[in-house]
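J.: On the provided structure of chain A, position chain B as indicated by the hints.
Protein sequence lines correspond, in order, to chains A and B. For what it's worth, my numbering labels the leading residue of the first sequence as 1, then goes sequentially. For what it's worth, my numbering labels the leading residue of the second sequence as 1, then goes sequentially.
Keep in mind that the hints are not guaranteed to be accurate.
Claimed, not checked - Dumping the calculated SDA-like pairs for lysine to any residue here, alpha-carbon to alpha-carbon at most 20 Å:
# : chain 1 : residue 1 : chain 2 : residue 2
1 : A       : 83        : B       : 478
2 : A       : 104       : B       : 316
3 : A       : 37        : B       : 209
4 : A       : 3         : B       : 165
5 : B       : 215       : A       : 190
6 : B       : 215       : A       : 77
7 : A       : 61        : B       : 214
Unchecked claim - Not everything, but these chain A residues come out facing chain B in the computed CB check (under 7 Å):
#  : residue
8  : 8
9  : 49
10 : 143
Hint data in this document are derived by calculation from the structure and do not stem from the laboratory. Cβ coordinates follow ideal geometry from the N, Cα and C atoms, glycine included.
Residue-level listing of the chains:
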Amino acid sequence: MLKEIRPAIILLVALTLITGLAYPLAMTAIAGVAFPKQAEGSLIERDGKVVGSALIGQEFKSDKYFHGRPSATSAPDPADATKTVSAPYNAANSGGSNLGPTSKALSDRVKEDVDKLKAENPSASVPIDLVTTSASGLDPDVSPEGALFQVPRVAKARNMPEDRVRQLVTNATEGRLAGLLGEPRVNVLALNLALDAAAAK
Amino acid sequence: MTVIGWIQILLFCAIVVALVKPLGWYMTRVFNGERTLLSPVLRPVEAGLYWIGGVDEKREQHWLTYTVAMLLFHVGGFLVLYAVMRLQAVLPFNPAGQSAVAEDLSFNTAISFITNTNWQNYGGESTMSYLVQMLGLTHQNFLSAATGIALAMALIRGFSRSSMRTVGNFWVDVTRCTLYVLLPICVVYTLFLIWQGMPQTLGAYVDATTLEGAKQTIAVGPVASQVAIKMLGTNGGGFFNANAAHPFENPTALSNFVQMISIFALGAALTNVFGRMVGNQRQGWAILSVMGVLFIAGVTVTYWAEANGTSALHALGLTGGNMEGKEVRFGIVASSLFAVITTAASCGAVNAMHDSFTALGGMIPLINMQLGEIIVGGVGAGLYGMLLFVVLAIFVAGLMVGRTPEYVGKKIEAREVKMAMLAILVLPLMYLGWTAVAVVLPSAVASMANAGPHGFTEVLYAFTSATGNNGSAFGGLSGNTFFYNLTLASSMFVGRFFMIVPAMALAGSLAGKKSIPASAGTLPTTGGLFVGLVVGVILIIGGLTFFPALALGPIVEHLSMNANTLF
Numbered sequence: 001m002l003k004e005i006r007p008a009i010i011l012l013v014a015l016t017l018i019t020g021l022a023y024p025l026a027m028t029a030i031a032g033v034a035f036p037k038q039a040e041g042s043l044i045e046r047d048g049k050v051v052g053s054a055l056i057g058q059e060f061k062s063d064k065y066f067h068g069r070p071s072a073t074s075a076p077d078p079a080d081a082t083k084t085v086s087a088p089y090n091a092a093n094s095g096g097s098n099l100g101p102t103s104k105a106l107s108d109r110v111k112e113d114v115d116k117l118k119a120e121n122p123s124a125s126v127p128i129d130l131v132t133t134s135a136s137g138l139d140p141d142v143s144p145e146g147a148l149f150q151v152p153r154v155a156k157a158r159n160m161p162e163d164r165v166r167q168l169v170t171n172a173t174e175g176r177l178a179g180l181l182g183e184p185r186v187n188v189l190a191l192n193l194a195l196d197a198a199a200a201k
Numbered sequence: 001m002t003v004i005g006w007i008q009i010l011l012f013c014a015i016v017v018a019l020v021k022p023l024g025w026y027m028t029r030v031f032n033g034e035r036t037l038l039s040p041v042l043r044p045v046e047a048g049l050y051w052i053g054g055v056d057e058k059r060e061q062h063w064l065t066y067t068v069a070m071l072l073f074h075v076g077g078f079l080v081l082y083a084v085m086r087l088q089a090v091l092p093f094n095p096a097g098q099s100a101v102a103e104d105l106s107f108n109t110a111i112s113f114i115t116n117t118n119w120q121n122y123g124g125e126s127t128m129s130y131l132v133q134m135l136g137l138t139h140q141n142f143l144s145a146a147t148g149i150a151l152a153m154a155l156i157r158g159f160s161r162s163s164m165r166t167v168g169n170f171w172v173d174v175t176r177c178t179l180y181v182l183l184p185i186c187v188v189y190t191l192f193l194i195w196q197g198m199p200q201t202l203g204a205y206v207d208a209t210t211l212e213g214a215k216q217t218i219a220v221g222p223v224a225s226q227v228a229i230k231m232l233g234t235n236g237g238g239f240f241n242a243n244a245a246h247p248f249e250n251p252t253a254l255s256n257f258v259q260m261i262s263i264f265a266l267g268a269a270l271t272n273v274f275g276r277m278v279g280n281q282r283q284g285w286a287i288l289s290v291m292g293v294l295f296i297a298g299v300t301v302t303y304w305a306e307a308n309g310t311s312a313l314h315a316l317g318l319t320g321g322n323m324e325g326k327e328v329r330f331g332i333v334a335s336s337l338f339a340v341i342t343t344a345a346s347c348g349a350v351n352a353m354h355d356s357f358t359a360l361g362g363m364i365p366l367i368n369m370q371l372g373e374i375i376v377g378g379v380g381a382g383l384y385g386m387l388l389f390v391v392l393a394i395f396v397a398g399l400m401v402g403r404t405p406e407y408v409g410k411k412i413e414a415r416e417v418k419m420a421m422l423a424i425l426v427l428p429l430m431y432l433g434w435t436a437v438a439v440v441l442p443s444a445v446a447s448m449a450n451a452g453p454h455g456f457t458e459v460l461y462a463f464t465s466a467t468g469n470n471g472s473a474f475g476g477l478s479g480n481t482f483f484y485n486l487t488l489a490s491s492m493f494v495g496r497f498f499m500i501v502p503a504m505a506l507a508g509s510l511a512g513k514k515s516i517p518a519s520a521g522t523l524p525t526t527g528g529l530f531v532g533l534v535v536g537v538i539l540i541i542g543g544l545t546f547f548p549a550l551a552l553g554p555i556v557e558h559l560s561m562n563a564n565t566l567f
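The shape of chain A in the complex, shown without the other chains (with noise of 0.2 Å):
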């Protein structure tokens, strides 16, 4: 049994320095140069200055935007740091609710965001997507209904034809790849910014 020290210590110290350092670092020196937009995270640059992730929600607050879903992120509490405070879409510490479907405090926040929207946009009926949180809190997503929902709103704050509106979540949405896997969706961050784009021509 004692020989079994030695194939232990040493098969262990090269198996950690190929698998923990050689097969990491070697990966990113490839990333770097063969895939170095996703590599470094499909960071979105406008004049110059890094505005977000293609990939990651951010939050959006104003009537002029699309919103995202809502996000349970949190971050700790700047007065206590053993507490932790809400962070709606903190990138830096992802996370859900954790509420179960039992839960007063989910239908309770669910309901005071429902009558919320249907205040916005009584005609239509709200999409579940715009009311519960995703499992990252950094969804970059919403449904294509769930923007539909929300053109009349951003229009009005942009002095926008809804139709004008319309058509830029049509543009954005994305459909199934190749018509089977995922789900149809709206990249928040890229309307957003087409948005932006068309209301300053």
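T.: For chain B alone, coordinates are given in the frame of chain A:
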């Protein structure tokens, strides 16, 4: 449920089944030490490792030596991982300036990764430096996966050999698995994931100014290289807190689909390796069929429950499935399917928050783990877990007809049945026992995030996941406390090693037996009767063990939900 949803599910199953034979063929060659396409490149590395390690690849080990070698390897791995976490503040590759991981959390995480559990009591991006993610976690993802496969190989050799004292050489099995199976697939897989949008950088977290002028710090890192082995090795520990739900850890519908396939690929192919090594591939297909029956049943229930949604939200005028804790790009079907896959295998990666699933939708992942994760299962671990149930099923069948039971030419006798029972019974002892302790300790109850039966399910899920070495969670439970860090670590340890040692003893005892030819009185183990028998034994043993606990959690919650009772 939609037609397109079911097409996605069936496409998934078809691809996994299509990969079984080629991967099984390749792995059989690797573990038999035969030449492969990659040998010209990898053979010198392999031989070099044996040379510096003083390993004689021709010399095989007795089951006990094999087990001791495995345990020594894990002690070393534990110490390295623990040390790297405790020292991360003074080590390189730490651009976010993470401070040392606390003692109890380091202990929990180190146990968690050497046991292939990868339970996350930590939030990756807020706790771990890049060095820990690479040298500590990525590396253990490889080694715990390689160990699982090595152990399965030892047990397979037990069945396939006749009158031999040895079951293989642990060092050779682990080295070959890492070099020839895991690494090459991961290299290609990593590049695919990066192409899909997964970061792979050593640069610091990025500060962006959002369109509305707020500051958003975006965590990045060497994500793709870790995610590849995390899925392929059914480890499941995420780079980020939100795991495979994080857009950087699972950017697209395609990355999601491939990740799901990679969880099952090696585990499913091992049934074929088993078939090839015992000389009849149909033996492997029979085992895969048992897994398939249980899997499809689980997917159906979870998909149905999630697509139906929750009555609390429908009461507010909303329609559609349960989208709380799910991502839009995956939707109901890909989230439900992922949840069943990740718990059927002992992966534990999540692309949706299981804590927010409906009562029945979340019960299936729980049941999958309580059955011992034998539906494909963890790489290696699933196969040896399933073979334990096969031994029991054969034993039960033998009792029914009054003959000494035999399986693939081996007589199953008292010692084998005892070892199988020991391995199977140790799991409920841990997860039911610790759950019982936790729910009477006020400090442990305080960690629950949800009230009512759902809170109980959170605790039961945590101990089940830890014992089953899964690592997925009902994430609301605040597990990073002294009590949970230690009790969950003990569950992970016992769930892994107290199952491995009896399984290895079984391997040793089987290898020593003579192979006997099948006779007219032998129960055929390749047909529908056998598949039905094994499924029945799994459900009866499993059901009797954990049904009372489920009744207190998800079942009563389902009834409350339908009665519109909120907590």
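J.: Does each hint hold? Answer for all of them.
T.: For each hint, the structure was consulted:
| no. | hint | verdict |
| --- | --- | --- |
| 1 | A:83 x B:478 | 13 Å, holds |
| 2 | A:104 x B:316 | 13 Å, holds |
| 3 | A:37 x B:209 | 18 Å, holds |
| 4 | A:3 x B:165 | 19 Å, holds |
| 5 | B:215 x A:190 | 18 Å, holds |
| 6 | B:215 x A:77 | 17 Å, holds |
| 7 | A:61 x B:214 | 11 Å, holds |
| 8 | 8 | 4 Å, holds |
| 9 | 49 | 6 Å, holds |
| 10 | 143 | 6 Å, holds |
Of the numbered hints listed earlier, not one is contradicted by the structure.
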